[in-house]
Amino acid sequence: MFRDLVRTRALEERLENLLKQGHVVGGLYRSLGQEATAVGTAMALDDGDWLAPSIRDLGAVLVRGLPPVDVVLQYTARAAGPCSGKDNTNHYTVVDLGILGPVSPLGTQLCVLNGVALTFRNRGSDRVCMTYQGEGATRTGASHEGLAFASALRLPIVVVIEHNRWAFSTRSEQLAAVRDWADVPKAYGVPTISVDGNDVLACREAGVEAVSRARRGDGPTVIVAETYRMVGHAQHDPQSYMPAEELEEWRGRDPIARYERYLLEQGLITSDELLSIRHEVDAELDAAVDQALAAAMPQPLEARTRVYDAPEPDVTPWTRGPGVAGPGAALVRT
Amino acid sequence: MTTTYLEAIRRAMLTEMRADPSVFIMGEDIANYGGAFKITEGFLEEFGPERVVDTPISEAAIVGAAIGAAHMGLKPICEMQFIDFIAPAFDMIVNFAAKVRYRTGVGAGLVIRGPCGGGARAGPFHSQNVESYFANVPGLKMVAPATAHDAMGLLRSSIRDPDPVLYFEHKFLYRRVKEDLPENEDVLIPLGKARTHREGDALTLVTYGAMVYKAEEAADRVANQDGVEIEVLDLRTLRPLDTDAIVASVMKTGRLLIVHEAPRFGGFAGEITAQVCEEAFEWLDAPIRRVTAIDTPVPYSPPLEDYFLPQTEDIVTAARWLLAY
Ligand SMILES: Cc1ncc(C[n+]2csc(CCOP(=O)(O)OP(=O)(O)O)c2C)c(N)n1
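Protein chains in written order, with this note's numbering: chain A, 1 to 334; chain B, 1 to 325.
Please keep in mind that the hints were generated in silico from the structure rather than gathered at the bench.
We put the beta carbon where it would ideally sit given N, CA and C, even for glycine.
Accuracy of the hints is not assured; some may be wrong.
Interface residues of chain A toward chain B, partial, derived using beta-carbon atoms under 8 Å [to be verified]:
#, residue
1, S104
2, G141
3, A167
4, F168
5, T170
6, L175
7, P298
8, P300
9, E302
10, R304
Over the 12 Å line for every Cβ pair with chain A, so calculated as not near, a few chain B residues [unchecked claim]:
#, residue
11, Y102
12, G105
13, R160
14, T243
15, E278
Kindly produce the complete structure, drawing on both the sequences and the hints.
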């Protein structure tokens, strides 16, 4: 678990450098300070379970076995990335690993994951689903409908609300009259577990409880993880609106330093062992970055493929009719 | 005063909000933060929280509230953080805003505005052009300015308009387009009027939004290399469509090329083609041609997005084909 926390942070640091160097294009959203929520809860899942991450859940997909090189290939828009360069950030769906990728419109993936959970239930399987939402995303219609649906059908699904105090620039107190986010699921008759989201052990424990309830057929659970977004919304956001004292206070609760201290104090690990884990992670991630940067960008024509389940790219001519055979042939972009 | 496209949008809202206390704005992160693109920076300080309203992430509720406020005589502006996120509000727009005047006689004058368009390597959900999703819905107006001058004048008219207006701002133009707009110039441009961006007699090129600049580049290249002049017509308003201006230009040139950044199938080019065939078929000396994005989502990776988007070279090729016909 310590390794996954370190991998998450170190991989995001590399992505940030790659963004500065122009290798990562578009946006980059980090989970700095929130890694324990994603890592801890995802630890509760077993083989065959499904997980739908939100943007700050890199840790969860690493726990589920997504190789870091795939993450770098994705962010650097390479052909060999899990979206083949067609979509960005963490929008990959990897069926073999049970990862359901989100789309940007918030709240939507919960509705889709309900369909996975429904299928498990109908097939008599005891597999379960887990998904994540910022408190901001819980305000969308899709989120409300998704939770209402999951509870009405008693689906085997766990929703982790990552209460990180901010939705982009908006404080959670401004976003809603809700003060205790564990109140939200009550309206749907869904049981809730509140947890310190910066305590990886507590997150795992909450995950295990919620997952076993789902596996038993007792329906959905919402875990409310109290945490803090330590960086701007995305790398382009200077986070000037975040009070320095508050950041300082939460820096003291850093989930990785905290778990490290715990492991040492309990004598569960030596500092040499911790150091060698860090070295191994560095080596793993450096190799992933090298491998991804050496990989090819997609060929332009690939833009046309995969709109439908068809073997050939759809090369719709720029013009049809008599023009195609004549000078119009020049208008067919292939 | 040198004004960017973005500042022009900002100035249009400032002007209208200063002149008319019934104008107000709602959206996500627009008050304290000043908007994801900083268009409403300082608005909260000037107009207060009653008129600059930060909302939850709830586009359907934003548009719904705007309709209700419009019934009460206010003039709401709704900001979509990216125009792609208009999707959750689709029901409110097509089933409520667009139909309420027809059904009940009570109108809903409101503006829904937000950044559209590609070229920013922003992937399938921060790059779309959504005009065609709404094209088949009577009751809506749609605006897509290309210049700072038009962005200002059309937004002011949109805010004053008694019916719902979708106002599409191309994010690629936000800081790239800079024009001299006098500080106190009272720019007000009526909806539904196209603008001749470049005069010519050999071919009519109809376009809008960011494609105006690629069209201009293509027209300049053809003028320099082939010695013929292409007329570039910037639609500015997509609905109501200025069919008169299109037809008048086609009657002059006899050739029509339509360029848009949205995908081809079901795009505006199809509608324009139909209207020109109905009204000016006799004047055409060549088939009508379209240069558009390909029929796929907007891909993320740069080589894919460059292929997806219509490029100047594509426009030149199509124009030459038409000129040689
Ligand atoms: C429907 C929709 N509207 C607006 C946005 C733009 N947007 C992206 S992230 C975000 C804030 C999300 O806050 P939260 O859900 O709390 O997650 P956090 O970023 O704090 O992890 C917004 C407004 C969006 N993605 N989807």
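*Could you check if P300 of chain A really has its C-beta closer than 8 Å to a C-beta on chain B?*
holds (4 Å)
_Given hint P298 of chain A near chain B, where the shortest CB pair must fall under 8 Å_ = Status holds, d = 5 Å.
*Taking 8 Å as the limit, does the beta-carbon of G141 of chain A come near enough to a beta-carbon in chain B?*
This hint holds: G141 of chain A lies near chain B, its Cβ roughly 5 Å from the closest one there, short of 8 Å.
*Would you check whether the claim that R160 of chain B is not at the interface survives, using Cβ distances to chain A and the 12 Å cut-off?*
holds (30 Å)
*For the hint on R304 of chain A, does the least C-beta distance to chain B fall short of 8 Å?*
Result: holds, 6 Å to nearest chain B Cβ.
*Reported absence of T243 of chain B from the contact zone with chain A (all CB gaps over 12 Å)*: holds (23 Å)
_Least C-beta distance between Y102 of chain B and chain A, which was stated to exceed 12 Å_ = holds (25 Å)
*asked:* So, as I understand it, the hint says E302 of chain A touches chain B; can you test that by seeing if any CB pair is closer than 8 Å?
replied: Hint holds; E302 of chain A Cβ to chain B Cβ min 6 Å, cut 8 Å.
_The output says E278 of chain B does not contact chain A. Does that hold with a beta carbon cutoff of 12 Å?_
holds (19 Å)
_Does the closest beta carbon of chain B sit nearer than 8 Å to the beta carbon of S104 of chain A?_
holds (3 Å)
*When the nearest CB of chain B is found for T170 of chain A, is that gap smaller than 8 Å?*
holds (6 Å)
*At a threshold of 8 Å, is the proposed contact between A167 of chain A and chain B supported by beta-carbon distances?*
Holds, about 6 Å.
Hint violations for this structure: none, all hints satisfied.
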